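> Taking the hints into account, I'd like the entire structure generated from these sequences.
Residue numbers (this note's numbering), protein chains in the order written: chain A, 2 to 346; chain B, 200 to 429.
Just so you know, these hints were derived from the structure itself, not from any lab. Wrong hints could be hidden among the right ones.
Listed next, the in silico DSBU-like pairs over lysine-lysine satisfying Cα-Cα at most 30 Å (straight line) [unchecked claim]: (1) A:K149 <-> B:K391; (2) A:K139 <-> A:K168; (3) B:K315 <-> A:K151; (4) B:K315 <-> A:K149; (5) B:K416 <-> A:K52; (6) A:K149 <-> A:K57; (7) A:K139 <-> A:K92; (8) A:K279 <-> B:K416; (9) A:K106 <-> A:K139.
Per label pair, the in silico range of CB-to-CB distance [stated by the list, open to error]: (10) A:A299 <-> B:P352: 36 to 42 Å; (11) A:K151 <-> B:V275: 23 to 29 Å; (12) B:R395 <-> A:E321: 36 to 42 Å; (13) A:Q229 <-> B:A387: 23 to 29 Å; (14) A:E297 <-> B:D386: 19 to 25 Å; (15) A:A328 <-> B:R395: 30 to 36 Å; (16) B:D279 <-> A:A328: 50 to 56 Å; (17) B:D279 <-> A:E134: 45 to 51 Å; (18) B:G307 <-> A:W53: 38 to 44 Å.
Here the structure is a predicted model, which is why all the values come from computation and not from measurement. Beta carbons: idealized from backbone N, C-alpha and C, even for Gly.
Each chain, letter by letter, is given below.
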Amino acid sequence: MYEKDGERYFIVDGHIHFWDASPANQANKYGRGFINCFYDYQQNLSPPEYKWPLEKFEKYSEEDLIHDIFEVGYADVAIFQPTYLTDFYTKGFNTTEQNAAVAEKYPGRFILNGSFDPRDGEAGLEPFEALVERYQLKGVKLYTAEWKGKSRGWRLDSPEAYLYLDKCRELGVRNVHLHKGPTIWPLNRDAFDVSDVDDAATDFPELNFIVEHLGLPRLEDFCWIGTQEPNVYGGFSVAMAFLYTRPRYFAQIIGELCYWLDEDRLLFGSDYAIWQPKWLVERFVDFQIPDDMLGEYAPLTPDVKRKILGLNAARLYDLEVPEELNAGAATTAGPAIGSEPVSPA
Amino acid sequence: MTTAQDVLDALAGVRDPELDEPLTDLGFVAEVQVGEGRVDVRLRLPTYFCAPNFAWLMVHDARSAVLALDGVQEAVVKLDDHCASAEINSGVSRSAGFEQTFPGETTGELDELREKFARKAFVARQARVCDVLLRAGQTPDEVVLLRLSDLEPGPDQARCVSLRAELGIDASPGAQAFVAPDGRALDAAGLKRWLRIARLVRLSVEGNAGLCRALLKTRYRIGDPQEVAA
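Structure, rendered in C-alpha cells:
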C-alpha cells in the first residue's frame, strides 16, 4: 500500500523476477550477453541510488527481493513472471519451481505464473497440466523469442501454440503474459511484431492477453491491437522507467495508451530486479501530464493511477482488495475507445 | 585515394531501417580504417540481442555503400559484440543473402521487412512536417489541399520527398503533400484519422531511437555518440 497526499493505493507489482544469472549458472556467451543487456537497462534508466554493482545484479538474495518489493517497495502483492531460458542458463534464469520455493514462505504475497513452450508439442501438454495443478496457476508468462536448440523463437498463432492455449482455457489459466522479441521464427519477420497476439486474442476470447512492455518497441502495433481486442492488456514494465530519464516521452506513451485502450487495461510492473518498485511507484503517483500536452491527452487522476498500480491486476487475478483501497475500480474492462479501423502504418 | 571521411560520408547514407536515422548519427560506426583499395569498418549496436534481421541489413547496406566508393575493391564490415555477429559477418562478407546467412531460420529475404519499415518511417517523417503546420494554425482541411511545392523547404520536407521517391510514391512538386503510407490520396477526414496514427508511429520511431542512443552510451561508456562516430 502506498499513500500520498491523502490518496491510498493498493499496489500489485505485475512483473518481478528472482533470477540467478551468476557466471556459475551461465551456460554460454548468450547467458552472459543476456544479463549484460538487462544490466545496461538498469544502469541507463535508474536514478543513481538504485543502481547495483554487476555482481549483485547477477545474483541477489531473497532478503533483497523481500526488502525491495515489500518492505520499501509498497507492493501488497507481486507477480512472479518466470523466464526459463534453459539454453542460456544451466539451471534456468528463473523458473516456476524456483519462484515457488520463495512464494510458499510468504503466503498471500506472491502470485506464481507458469510457462509453456509450444515447441515441446503434444508431449509437453501433460507436464504443463501437472505444473498448473501443482501450483494452482492462473497465469502464464510466455517468451516468444526464447531460443531452443536451433530455433530462435515461435509464434503465438501457430497450431502448436493453440494446443496450449486450448489447455489454458480448459484449466482456467486465464492470464497469458507475453514478451515479444528480439528474435522470432521466421527470422525475416519483424521480431517485435504483435500481430500473432491479435489472432490469438480473437480466437480465445476467454483468455486475457497481457502484452508486457506495452509491445515496445512496437507501441503503435500494440495500440492498434488494443483498440480491436477487448481482452488485450498492456504491462507497463520497462516503459514505467522512462518516468525518470524521459518524463515527456512517458507522458506521450501513457497519453496514447489511455486514448487507444483506456486505463482499465494497463498493469504496473517493475521488472524487478531491473528496476525497483519503490521509485517507480513514488514517481508515478507524483507524475502528471505536462500542461502543454493537456490539450491532447487527459490528465491522470488518482483513480486512473489506482487502477494501473493495482486494481486492474487485482481484477485479473481475483485478489481481495481492502474496501477502503478499492475506490475507482472498474467492474469490467471497458471497450476500446480508439478511432475507427484504418490500417496502421 | 579514398579517405576515412569519404567512408563516413558514404555510411551517413545508410540508415537503421527501424530507427530511420543514419548509422553515423546513431553512433553505430565504431571504427573506419582505410588501406590500399581496402576499407575496414566496425559497427556496434546498443544491445547484444538487437534484432538479427535489422543488424544484417545494416551490415549489408554499409558494405554496399563502401564498395560503391571509387577505388575501393574490398570492403570488410564487421559487427561487434552481437549474438549473431559470427553468422552476419561471415554471410555478408561472402555476399550471401539473408537466407544463406541463416539457413533454415527464415522463409525469405528481407525485402518485405525493409519496405514495411520504410513505410513506417515515411509516416513518421510526414507527421513531423504536418504537426508543424497544424501548430502554426493551419487546419486539417487546409493541410490536406497542400502540394509538395507548398511546403517550406527544409530537412524534414526534403526527407519526405526523398523517401517518396524510394517508395515509388509520386514526388513531383504538384503531388499531394500528405498521403497514406501506400501513397493513396487523403481527404480531410482521412487526414485526421491518419494523423492520429501517424503521431503514434512517430512517437514510436523517435522514442525507440532515443532509447537506443541511451543504451549504446551505457554499453560502450561513451559521451555523445555523434562525436565518437566521426
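> Regarding the pair B:K315 and A:K149, is the alpha-carbon distance no greater than 30 Å?
28 Å, holds
> If you check the beta carbons of A:E297 and B:D386, does the distance land in 19 to 25 Å?
Distance hint for A:E297, B:D386 holds at roughly 23 Å.
> Could you see if the CB distance from B:D279 to A:A328 stays within 50 to 56 Å?
About 53 Å separates the Cβ atoms of B:D279 and A:A328, which means 50 to 56 Å holds.
> If I claimed the Cβ atoms of A:A299 and B:P352 lie 36 to 42 Å apart, would that claim hold in this structure?
Once the Cβ atoms are compared, 37 Å apart, the range 36 to 42 Å for B:P352 and A:A299 holds.
> Does the beta carbon distance between B:R395 and A:E321 stay inside 36 to 42 Å, or does it fall outside?
39 Å, holds
> Tell me if the straight-line CA distance from A:K106 to A:K139 falls inside 30 Å.
Holds. A:K106 to A:K139 sits at ~19 Å (cutoff 30 Å).
> Please test the hint of 23 to 29 Å on the beta carbon pair from A:Q229 and B:A387.
Between A:Q229 and B:A387, where Cβ atoms are some 25 Å apart, the hint holds.
> Is it true that the CA of B:K315 sits at most 30 Å from the CA of A:K151?
27 Å, holds
> Quick one, are A:K139 and A:K168 close enough, alpha carbons at most 30 Å?
At roughly 12 Å apart (the allowed maximum being 30 Å), A:K168 and A:K139 satisfy the hint.
> Given the hint that A:K139 pairs with A:K92, does the C-alpha gap stay at or below 30 Å?
With a Cα-Cα distance of about 24 Å, the restraint between A:K139 and A:K92 holds, given a limit of 30 Å.
> Starting from the range 45 to 51 Å, see whether the pair B:D279 and A:E134 falls in it by beta-carbon distance.
47 Å, holds
> Determine whether the Cβ-Cβ distance between A:K151 and B:V275 falls within the hinted range of 23 to 29 Å.
28 Å, holds
Consistency note: the structure conflicts with earlier hint 1 alone.
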